[in-house]
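J.: As a plain string of letters, each chain reads:
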Amino acid sequence: MTNTKKRKVTGRARSEFLWGWLFILPTMIGLVILNIIPIFQTLYQSFFKTGDFGRGNVFVGLDNYAQVFGDKEVWQSLINTFKYAIVEVPFSIIIALILAVLLNRKMRGRGFYRTIIFLPMVAAPAAIAMVWRWLYNSDFGLINNVFPIQVKWVSDPQIAVFSVAVIGIWSIIGYNMVLFIAGLQEIPHDFYEAAEIDGATGVKSFFYITIPLLSPTIFFVLVTRIISALQVFDLMYMVMDKSNPALEKTQSLVYLFYKYAFINKNMGYGSTIVILLLVITLIITAFQMIGQKKWVFYN
Amino acid sequence: MESMKRKSKLMNLLIHVILILVSITMLIPFAWMFLTAFKSVTEATSVDPFVIFPKVWRTDAFTSVIKNMNFIVLYKNTLLLILFRVICAVLTATMAGYAFGRLHFKGRDFCFSLVLLQMMVPSQIFIIPQYLMVSKMGMLNTIFALVFPGFVTAFGTFLLRQGYMGLPNDLEEAARLDGCNIGQTFLYIMAPLTKSSMVALGIFTAVFAFKDLMWPMIVNTDKDMLVLSSALAKMQGQYVSKFPELMAASLIACIPMILLYIIFQKQFIEGIATSGGKL
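If you read the sequences in order, they're chains A and B. Just so you know, the working numbering puts 234 at position 234 of the first sequence, and the rest follows in order with no gaps. Just so you know, the working numbering puts 137 at position 137 of the second sequence, and the rest follows in order with no gaps.
Hints listed in this document are in silico derivations from the structure and should not be mistaken for laboratory results. Just so it is clear, CB atoms sit at the ideal spot from N, CA and C, and this is done for glycine as well. Please note: incorrect hints may appear among the correct ones.
What the hints assert, rightly or not - A short, non-exhaustive set of chain A residues, derived as facing chain B with CB atoms under 7 Å:
hint, residue
1, P38
2, V87
3, I116
4, N244
5, L247
As the list claims (entries may be wrong) - Below 30 Å or equal to it, Euclidean Cα-Cα: the simulated DSS-like pairs (lysine-lysine) are:
hint, chain 1, residue 1, chain 2, residue 2
6, A, K259, B, K76
7, B, K242, B, K76
8, A, K259, B, K234
What the hints assert, rightly or not - A short list of chain A residues far from chain B (calculated; beta carbon distances all over 10 Å):
hint, residue
9, Y65
10, V68
11, G111
12, R114
13, P120
14, A123
15, F257
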C-alpha cells in the first residue's frame, strides 16, 4: 500500500518536473540569452575601450570608471536626471492620487474623465515631445502667447530640464491614476463608514484611512516611477536639439549612454555609464525598501 | 440638513470644475497638434493676432508628409512589431507563469529569482549586447531585429504567475482525477481562466512596443524598416521649422492607437490596472 502510494508520488513529482521545465524552457532560454548573459557582457565591456576605426576592443581595466568619475559631463547628466526625477515623481504621484480619489466616487462623467486623463499614455512619445516643443516655442508657442511672458522654456539652461519634467508629468498622470483607482477599489467601504461615525470625513478620512490603506500601492508606484524616471530618454532626445544651448544642463544619463554607445560608437564607455545607472538604481531602491517599514502598512 | 445638501452640491460642482480643468490640460496638446496640422506656416507662427483656428483648413501638410514618408510601410512595420511582440509575450508568459505559479519542481525557485532579477535591472544594460547579437546574426533592418528583445518577458511571466496563483485548486484537481495530464489541465482548464491576465499583458505589451523609441532607432535605420516612433524622430531633423508638417505626421502616427484606445478603453484601463498594480 505504502509502496504504491510512494510510487504514485514520485510519478507525480517526475511529471511535474518534466512539464514544469518544458513550460519554463522558452522563457528561461530567452531570459538567459537576452538578459542574464548581457548583464555580464555589459559589465565585461565596461573594462574595454572600443578601438579607433572599429579596430576591436582594447582592455583598459578600470580606466573607463576612472574617466566616468572625472567626467564633468557624466556628473552633470546625473544631476540633470535627479532634477528631472525630483520634479516628475512627486508631482505625478500627488496629482494622480488626488484625481484617483475624486474619480473613485460614483459621479456623472467618471468614465469620460478617466478616458481623457489616460489619453497621453497611448500616444507615441516622439509625437508628444514634438507638440510640446511647439507649445514651448519661445517666439510663437502657445504658452508664451496665452500668458504674456517670454520664457525660453527649453533653451534656458536653468529651466529646460524642468520643462521636460512637466511633459513627463503630463504623460504619466493617467497611468498612475489608474493604478491608484485599482488600489482604492480594494479598500473596504466599512472603513469609511466607521470613520464617519467617529467624525472623520473628507480630508481627515483621506489622511487617516485612504493614505495608510493605499500605502502599499503608493509604495509600488513610487518605486517603479523612480526607476523609470532615472531612465528618461525619449523626451530629452526629442525635445532637445543637438544645438540647443541648454542640452548640457538637460541631457539625462541614458541620453549620454545612447550618445556614447551608438553615436560615438564607444560601447565600452557607454557600458560604464549604464553600469553607473544600475548601481544608482539599486542603491535608491534598497533605501526605499528599508524606508518602507516606516510608512507602508500591509495588513 | 438643507445646508448640508447645498454644501455637498457645491462640493460636487467644485470637483467637476477641477476635473474639467485637468481634462482640458490633457487635451490641449492634442487639440494643438490637430489644429496646427491644418494651418499654413504663416498662421502657425503668427503671434498677433493670436490664431487658434486655421482660416482655411488646408491639407497641404498632410499631402506633403504622406508623399515624403511612406506611412503604409511605417504602419506595417509597427503593426508587425506589435503583433509579434504580443504573441511571443502571451505565449511564453502563459506557459512559464503556469509552471511558476502552480507546479512544484526542482530549480523552480532559482529560475524565478532570475525572472525577478531581470525586472530590477535597468533595461539599457541589455541593449549593447542585444544589438551586437542582432548585428552578428546579420539581422539589422529586419522585423526580427525589432521583435528580438521581446521574445520573452520577465514582467509578463511575473504577471501571469500572479494570475495563476489566484486560481482555486478544485478545478485542477477535478481535471486530474478525470485523467488529464498536466499539459491537458493547463491547456483546457487553467489557461482559459487567466484570459483577463493575458489580455492585460497583451495590451501592456502593445502599448509599450508602440511607444518604444531607442531600440527601433538603433537596430533599424533603413528608410523602409523604420517604425512610426523612429520615423518621427528622424523626420524632426529634416522638417525643422515646418510645424504643420511635423504636427500632421504626429497626428497620422498617433491616431490608430488613440482610436483603438477609445473603442477598447475599458480593456485598456483595466489591463493597465491589473498588469501594473498588483505586486
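J.: Next, verify each hint and record whether it holds.
T.: Consistency of the hints with the structure:
Taking 7 Å as the C-beta cut-off, the interface hint given for A/P38 holds, the closest approach to chain B being about 4 Å. Below 7 Å, beta-carbon pairs count as interface contacts, and A/V87 has none with chain B, the closest being about 17 Å; its hint is therefore violated. This hint holds: A/I116 has a C-beta 4 Å from the nearest C-beta of chain B, less than the 7 Å allowed. Taking 7 Å as the C-beta cut-off, the interface hint given for A/N244 is violated, the closest approach to chain B being about 12 Å.
The interface hint given for A/L247 is broken, as the beta carbon of that residue sits about 15 Å from the closest beta carbon of chain B, more than 7 Å. About 29 Å separates the Cα atoms of A/K259 and B/K76, which keeps this hinted pair within 30 Å; it holds. A C-alpha spacing of about 26 Å is found between B/K242 and B/K76, which places the hinted pair at or below 30 Å, so the restraint holds. For the given pair, A/K259 sits about 15 Å from B/K234 by alpha-carbon distance, which is consistent with the 30 Å threshold.
Every beta carbon of chain B lies more than 10 Å from that of A/Y65, the smallest distance being close to 16 Å; the non-interface claim holds. Separation of A/V68 from chain B is adequate, the least Cβ-Cβ distance of about 15 Å exceeding the 10 Å criterion. With a cut of 10 Å on Cβ distances, A/G111 falls inside the contact zone with chain B, its closest approach being about 8 Å. Distance to chain B contradicts A/R114 as a non-interface residue, since its nearest Cβ pair spans about 6 Å, not more than 10 Å.
With a minimum CB-CB distance of about 6 Å to chain B, A/P120 fails to clear the 10 Å threshold, and the non-interface call is violated. Once the 10 Å rule is applied to beta carbons, A/A123 is inconsistent with being away from chain B; the minimum gap is 5 Å. The non-interface label for A/F257 is inconsistent with chain B: the shortest C-beta to C-beta separation is roughly 6 Å, within 10 Å.
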